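Peer 1: Given only the sequences and the hints, what does the whole structure look like? Please build it.
Counting from 1, position 356 in the sequence shown corresponds to residue 356 in our numbering; the numbering is continuous, with no gaps.
Where hints are given, some of them may not hold.
Keeping only pairs whose Cα atoms sit at most 20 Å apart, straight-line, the calculated EDC-like set for lysine to aspartate or glutamate is [stated by the list, open to error]: (1) 102 / 84; (2) 102 / 73; (3) 75 / 91; (4) 421 / 431; (5) 278 / 90; (6) 70 / 58.
Derived CB-CB ranges, DEER-like [to be verified]: (7) 31 / 382: 41 to 51 Å; (8) 353 / 265: 24 to 34 Å; (9) 262 / 36: 36 to 46 Å; (10) 329 / 22: 24 to 34 Å; (11) 56 / 188: 37 to 47 Å; (12) 22 / 80: 19 to 29 Å; (13) 295 / 11: 38 to 48 Å; (14) 68 / 196: 37 to 47 Å; (15) 144 / 400: 41 to 51 Å; (16) 421 / 239: 40 to 50 Å.
Since the hints were made in silico from the structure, they are not lab data. Keep in mind it's a predicted model, so treat the numbers as computed, not measured. C-beta atoms are modelled at their ideal positions from N, C-alpha and C, and glycine is treated no differently.
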Amino acid sequence: MGKRPLPTRLPRERAFLVGVELASKQGYLTIEDSLAELTLLADTAGLSVVGRASQRLEHPDPKTFLRSGKVQEVKDLAGEVMADIILFDDELSPRHQRELEKIFGEDTRILDRSALILDIFAQHASTREGSLQVELAQYEYLLPRLTRAWTHLARQAGGGAGRAGLVGGVGLRGPGETQLEVDRRVIRQRISHIKGELEKVRKHRSQYRRRRRKAEMPTVALVGYTNAGKSTLLNHLTGSDVYVADQLFATLDPTTRRVALPGGHGVLMTDTVGFLQKLPATLVAAFRATLEEITEAELLLHVVDISHPNACAQGQVVRQTLEEIGVEDIPIVTALNKVDLLTDRKTVLDQLDDFERGVPISALTGEGVTTLLSVIEEEMYERLLPIEVKLPYREGGLISLFHEHGIVEEMQHTDSSVEMKGRIPLRLFADFKPFSTEKFSDSDMEEENHTS
1 MGKRPLPTRL PRERAFLVGV ELASKQGYLT IEDSLAELTL LADTAGLSVV
51 GRASQRLEHP DPKTFLRSGK VQEVKDLAGE VMADIILFDD ELSPRHQREL
101 EKIFGEDTRI LDRSALILDI FAQHASTREG SLQVELAQYE YLLPRLTRAW
151 THLARQAGGG AGRAGLVGGV GLRGPGETQL EVDRRVIRQR ISHIKGELEK
201 VRKHRSQYRR RRRKAEMPTV ALVGYTNAGK STLLNHLTGS DVYVADQLFA
251 TLDPTTRRVA LPGGHGVLMT DTVGFLQKLP ATLVAAFRAT LEEITEAELL
301 LHVVDISHPN ACAQGQVVRQ TLEEIGVEDI PIVTALNKVD LLTDRKTVLD
351 QLDDFERGVP ISALTGEGVT TLLSVIEEEM YERLLPIEVK LPYREGGLIS
401 LFHEHGIVEE MQHTDSSVEM KGRIPLRLFA DFKPFSTEKF SDSDMEEENH
451 TS
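Peer 2: What follows is the structure in structure tokens.
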């Protein structure tokens with residue numbers, strides 16, 4: 001009897017990339033680097049890149065995003081390489097999408113960077129929370145783009161819409177409703193349901209964080225550009241087996257592990273989703289429950305792939321994203337990762353000043369990790385910041401926290417509050433800042449960091 005033939009893999013869809021350099025909107029990466037990153041995203045999504053084109057514009061064309069001559073050029077080039085998909089590096093408006101689909105015809109799909117990232121997230125979400133977050137982002141992205149053809153939604157949804165059971169059998173129409181109106185109504189109902197489920201997740205996480213605070217176990221949130229090595233570092237520090245792969249967005253769902261510091265203290269370290277240039281706004285909003293792990297952390301460990309030629313630009317993208325989600329007062333330590341890949345270690349020394357509290361490490365070999373943990377311990381427990389606060393009596397937890405972890409120099413009781421002056425660990429500053437009787441600026445914090 002002959003051997004049973006191996007199953008045949010379906011051929012990868014062929015993608016032609018299109019990038020636009022907008023004079024009105026400068027990014028951190030050049031158009032060439034951004035398209036190289038889009039190539040990695042396409043590969044992660046299971047696409048084969050067969051060509052690319054780019055154009056410099058002052059503003060996008062209101063109808064077709066590209067100028068009409070460039071659209072025809074892309075159509076001709078894509079036809080020559082038999083591309084199945086035209087993949088834009090920027091998010092297209094619903095009008096851009098419709099007009100381009102008319103020009104390219106039914107045999108060629110039009111996708112943008114946001115749709116591609118949502119598809120990747122749909123493939124990689126492994127928990128119910130992650131699946132809900134991705135599905136919400138997909139629906140909010142698709143709703144304004146919904147056409148009369150359900151096939152459009154099915155092929156764009158990256159699995160989320162199909163899993164929701166929306167294709168066909170969407171329910172009875174009301175008086176005077178078109179099928180398109182029914183479809184939109186059903187999607188809005190689904191969005192409302194998912195938001196309710198995610199609110200339950202958010203409340204559960206909030207309760208978990210309160211229990212964690214009672215146990216006096218501070219949290220360090222790992223942040224960084226996607227594929228910077230966060231999961232590899234967490235595995236090295238804890239001996240755990242968080243999934244690691246050399247691809248973008250290999251892990252989406254947050255993972256928390258206990259890490260012992262050199263001086264005997266312990267922290268909980270949480271790995272979070274990697275950041276990326278042009279991350280869809282719908283996705284950032286949908287992942288609010290997960291991103292709260294960052295906003296509630298006492299310290300951020302920013303992992304940077306220092307071997308990457310765009311390390312500084314990627315670091316700026318991370319800092320910009322942190323600002324967008326409201327993380328301003330949390331201290332940062334930077335792990336300049338993958339030094340084992342450098343042929344010239346001078347690269348690290350030249351870039352140390354570009355990052356907060358930078359420590360060169362290799363998460364793979366363990367080089368520099370002990371020093372990194374010492375710096376984290378210093379930031380979390382030893383660096384003290386002067387502060388004066390007026391704490392209402394109802395904030396008994398903060399009053400106790402000041403006594404237990406800070407140094408109280410002066411204290412005065414009034415009818416409604418306790419006025420305290422002293423020094424507290426930098427990691428607790430965000431908790432006390434709302435009650436501070438002083439005005440702190442970012443420059444004050446920076447100066448204190450350097451003098452402590």
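Peer 1: So, for every hint listed, does it hold in this structure?
Peer 2: Quick rundown of the hints versus the structure:
1. 102 / 84: Judged against 20 Å, a Cα distance of about 15 Å means the pair holds.
2. 102 / 73: Since the Cα atoms of residue 102 and residue 73 sit roughly 16 Å apart, the hinted pair holds (cutoff 20 Å).
3. 75 / 91: 19 Å, holds
4. 421 / 431: At roughly 15 Å apart (the allowed maximum being 20 Å), residue 431 and residue 421 satisfy the hint.
5. 278 / 90: OK: residue 278 and residue 90 at ~8 Å, within 20 Å.
6. 70 / 58: 14 Å, holds
7. 31 / 382: 41 to 51 Å: At 45 Å between Cβs, range holds.
8. 353 / 265: 24 to 34 Å: Given range 24 to 34 Å: holds, Cβ gap about 28 Å.
9. 262 / 36: 36 to 46 Å: 39 Å, holds
10. 329 / 22: 24 to 34 Å: 33 Å, holds
11. 56 / 188: 37 to 47 Å: Check passed, 39 Å falls within 37 to 47 Å.
12. 22 / 80: 19 to 29 Å: 27 Å, holds
13. 295 / 11: 38 to 48 Å: 44 Å, holds
14. 68 / 196: 37 to 47 Å: Holds - the Cβ-Cβ distance for residue 68 and residue 196, about 45 Å, lies within 37 to 47 Å.
15. 144 / 400: 41 to 51 Å: About 50 Å separates the Cβ atoms of residue 144 and residue 400, which means 41 to 51 Å holds.
16. 421 / 239: 40 to 50 Å: 43 Å, holds
When held up to the earlier numbered hints, the structure conflicts with none and fits them all.
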